[in-house]
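Going line by line, the protein sequences match chains A and B.
Here the first sequence stands for residues 1 to 96, numbered as in this note's numbering.
Here the second sequence stands for residues 1 to 266, numbered as in this note's numbering.
Note that these hints are calculated values from the structure, not bench results.
One or more of the hints may lead you astray.
[As the list claims (entries may be wrong)] SDA-like cross-link-like pairs, simulated, lysine to any residue; straight-line CA separation at most 25 Å:
{"no.": "1", "chain 1": "A", "residue 1": "Lys84", "chain 2": "B", "residue 2": "Glu211"}
{"no.": "2", "chain 1": "B", "residue 1": "Lys263", "chain 2": "B", "residue 2": "Pro93"}
{"no.": "3", "chain 1": "A", "residue 1": "Lys64", "chain 2": "B", "residue 2": "Glu211"}
{"no.": "4", "chain 1": "B", "residue 1": "Lys20", "chain 2": "B", "residue 2": "Asp247"}
Residue strings, one per chain:
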Amino acid sequence: MNNTENQQLVDFVELGFMDARCKLIDVAAFLDRTQRAGQADDYRVRELKKAITCLDADNPERAKQVLLSLSDPTEEPIAIAPGKGAAGAWEGSHSS
Amino acid sequence: MRYVEPHAHMVSRTTDDYIKLVQAGCEAVCEPAFWAGFDRSSVKGFFDYFSQLTKYEPARAAKFGLPHFCWICLNPKESEDIKLAEDVLEIMPEFLDSPTCLGVGEIGLNKNSKNELEILERHIEIAAQRDELILVHTPHLEDKLKGTKLIVDAILNQPSIRPERVIIDHVEEHTISIPRDKGFWVGMTLYPVSKCSPQRAADMLEVYGTERIWMNSACDWGISNPLAVPEAAFELRRRGQTREMIDKVIYQNPRTFLSQSPKFTL
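Required output: the full structure, derived from the provided sequences and hints.
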């Protein structure tokens with residue numbers, strides 16, 4: 001049995017629906033919370049909302065597209081590391 | 001169930017975790033050199049750390065019958081200081097000669113800076129000269145895509161390095177094909193919030209297959225789970241994957257890659 005055949009035999013909806021439902025509501029609540037607090041303009045929130053539009057795609061590569069949407073798309077090394085941490089969204093398109 | 005934990009930072013874990021690993025079926029643990037959570041002030045700090053990885057940690061693991069192997073390098077988070085990096089590169093050979101050291105790692109990039117790239121290239125040169133295996137750390141979050149491309153290019157620029165002797169770790173859905181399509185091994189890190197969940201790792205195994213791929217916990221001083229690999233195996237069982245498939249991914253594959261070093265024996 002190959003992986004595709006195996007996948008068709010598994011009830012992924014039964015396995016994962018409640019978990020996905022929970023996470024979706026958490027995302028909605030996060031957006032509500034940041035909006036109420038006047039923080040919806042933070043670039044990370046804006047990038048997250050942009051990435052959410054990837055969920056409307058028809059092909060089964062939504063996770064990849066969300067990750068790409070949140071990634072630095074440039075190709076050259078930067079001059080100096082600004083620190084050690086990462087924020088989870090690329091600020092470049094928001095910086096002047 | 002048997003498995004190999006190919007990437008765990010045991011210096012930052014308690015002895016209880018060694019017991020949990022063994023009880024879960026772990027037959028060997030491998031520990032790459034990494035950033036300690038703070039910058040070391042001189043090369044002496046690295047000398048002590050490399051001694052810990054090559055002497056003290058294997059002895060701690062041996063108390064529970066668990067073989068412990070390591071990888072030696074300067075982590076990219078500390079390679080912005082070129083002078084310190086050069087001092088560390090100088091002391092590395094002594095520790096690479098250790099009987100439990102499998103190669104150079106985890107090297108790579110963090111913020112994709114010029115200095116990080118320069119020190120990465122120096123590590124690759126050392127590995128090429130000594131014919132060492134390489135374990136690569138790819139950057140976090142928004143920096144991963146760009147860093148993975150830069151790292152793959154840097155390694156391919158060194159013609160004496162064969163991709164089948166290099167594992168590119170911490171891949172996710174948007175980066176897994178970049179190294180795999182060039183013949184490299186890839187690692188999926190099961191890490192809460194910032195890397196891969198067991199469900200997503202299982203998805204990638206079902207989509208991309210089980211060749212040249214492993215899973216690891218990368219457990220360290222952060223919020224992380226030393227039993228993440230058995231948990232992912234459980235997810236695969238829930239999905240009806242065979243015992244043979246699971247054994248290949250969590251035991252045979254890491255053993256195959258790591259056995260390219262004659263020092264790795266089970």
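Task: Structure-inconsistent hints, enumerated in ascending order - done: 1
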